[in-house]
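K.L.:
Just need the whole structure built from these sequences, with the hints factored in.
Those protein sequence lines, which keep their order, are chains A and B.
Our numbering puts the first residue of the first sequence at 5, with every later residue one more than the last.
Our numbering puts the first residue of the second sequence at 5, with every later residue one more than the last.
Possibly wrong hints are sitting among the right ones.
Because identical chains cannot be distinguished in the list, a pair is counted as satisfied if it fits within a single copy or across any two copies.
Here are the simulated lysine to any residue pairs, SDA-like style, with alpha carbons at most 25 Å apart [as the list claims (entries may be wrong)]:
| # | residue 1 | residue 2 |
| --- | --- | --- |
| 1 | Lys-185 | Ala-210 |
| 2 | Lys-194 | Gln-30 |
| 3 | Lys-207 | Leu-83 |
| 4 | Lys-182 | Ala-210 |
| 5 | Lys-182 | Ser-33 |
| 6 | Lys-185 | Glu-76 |
| 7 | Lys-151 | Ser-115 |
No lab work stands behind these hints: they were computed from the structure.
Protein chains: 2
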Amino acid sequence: MSNNLTTLSVEQERPSGCAIHPLLAQRRSFRAFSARPVEPETLRLVFEAARWAPSSMNEQPWSFILANRENEAMFNRLLGCLLEFNVRWAQHAPVLFLSVTRLTFTSTGESNRHAFHDAGQAMACLTFQANSCGLTVCQMAGFNIEKARETFSIPTDHEPVVIAAMGYLGDLSSLSEKLQKKALQAQQRKPTEEFVFESVWGKPAAALASQTSHRANF
Amino acid sequence: MSNNLTTLSVEQERPSGCAIHPLLAQRRSFRAFSARPVEPETLRLVFEAARWAPSSMNEQPWSFILANRENEAMFNRLLGCLLEFNVRWAQHAPVLFLSVTRLTFTSTGESNRHAFHDAGQAMACLTFQANSCGLTVCQMAGFNIEKARETFSIPTDHEPVVIAAMGYLGDLSSLSEKLQKKALQAQQRKPTEEFVFESVWGKPAAALASQTSHRANF
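P.N.:
The following block contains the structure:
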């Protein structure tokens, strides 16, 4: 982690009673990037991490289209797929990439129900690797899917998934007032009892129950 | 990591030229479980990690239905949703859980295109936390989706995603010959140049090109 990220993660400590692994605890999506380029060796590590994600039938449905800001024409093609509210901050990222998933199994042509799920797992893997290299990653759903498909000639059995901005953390004051405020807010999440059940939908899992006492200390 | 897992990960070292973070490098899906139960505090950590996953619009579409083998009736209800080839080994796991995702945004009711994607990210987060606690996690697509929906009264705007088996690593010799062989094989993945592109679909990203020299050393 860079000093910047460490400082921020201390200032904005997770309101969690449980001490999860620091790599998992420190992840968050920042939108302010330093101008520092991402070294090729670091980029290799990031996508190497995606490579080892688990997937249904080991299909590895994920692909990525990478654009470095050092290649302005290439960068602008991917930037041009984003919706305007994302262009405003993502234009300053040193790296953008589009994730794509294959909707069918290569061997049978049958539909892969977990195409998006497994692309999500690959994205999580690469994000944690990026974080461990001191980079921050912010995913965006707000882009023009059909424009991305046309721009990069993505085959019909594949689907553009997200565009992500990646780079070393920059000065938050470079962001709009609204995004600065968002970056400084504590992350909000549902309590575990609202999403971990047992026996039947909606019944909080008893094994996790003592977490409530932790939560009282927030 | 338990000694078992460490030993295995050394024996089956990743054929990768890049040194990704150990937490990411050591993950793999084992199907042999020790009888040792998973402590409540460890379970809390695992699902706490899922809680902090990123998601589109911070929707957090994931839910989980947890079944501990200590509660036999509950465990058997989830086990009964698996297809037979998975029941054979998963019946020995101390913990099973079903992941579920919400297909619509809570605030608007509109379709959430990233429902499966973000459930996948949550699954990756909890898997890495589980691994850091010495647990192994194996996800299964092979289950009866409608039976799971009925068994646990899952609402219509939600979709069962995967069933996962989780526990401390056990003796691989407890597995069928086929699964033992699979467990001892090196993991196979596509090389990065087959899934990281630039400019256009299928063109390997130049920034990652020097990885080829690493690969020659396999």
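K.L.:
Against each hint, give a clear statement of whether it holds in the structure.
P.N.:
Do the hints match the structure? See the list:
Taking identical chains as interchangeable, the C-alpha atoms of Lys-185 and Ala-210 are never at most 25 Å apart, the minima being 37 Å within one chain and 37 Å between chains. Taking the closest pair of Cα atoms, Lys-194 and Gln-30 come within 25 Å of each other only inside a single copy of the chain (18 Å); across copies the shortest separation is 30 Å, beyond that limit. Taking identical chains as interchangeable, the C-alpha atoms of Lys-207 and Leu-83 lie at most 25 Å apart only when they sit on different chains, with a minimum of 19 Å there against 44 Å within one chain. Taking the closest pair of Cα atoms, Lys-182 and Ala-210 never come within 25 Å of each other, the shortest separation being 40 Å inside a single copy and 36 Å across copies.
Only within a single protomer do Lys-182 and Ser-33 lie at most 25 Å apart by alpha-carbon distance; the minimum there is 15 Å, versus 42 Å between protomers. Taking the closest pair of Cα atoms, Lys-185 and Glu-76 never come within 25 Å of each other, the shortest separation being 30 Å inside a single copy and 49 Å across copies. Both within a single protomer and between protomers do Lys-151 and Ser-115 lie at most 25 Å apart by alpha-carbon distance, with minima of 24 Å and 20 Å respectively.
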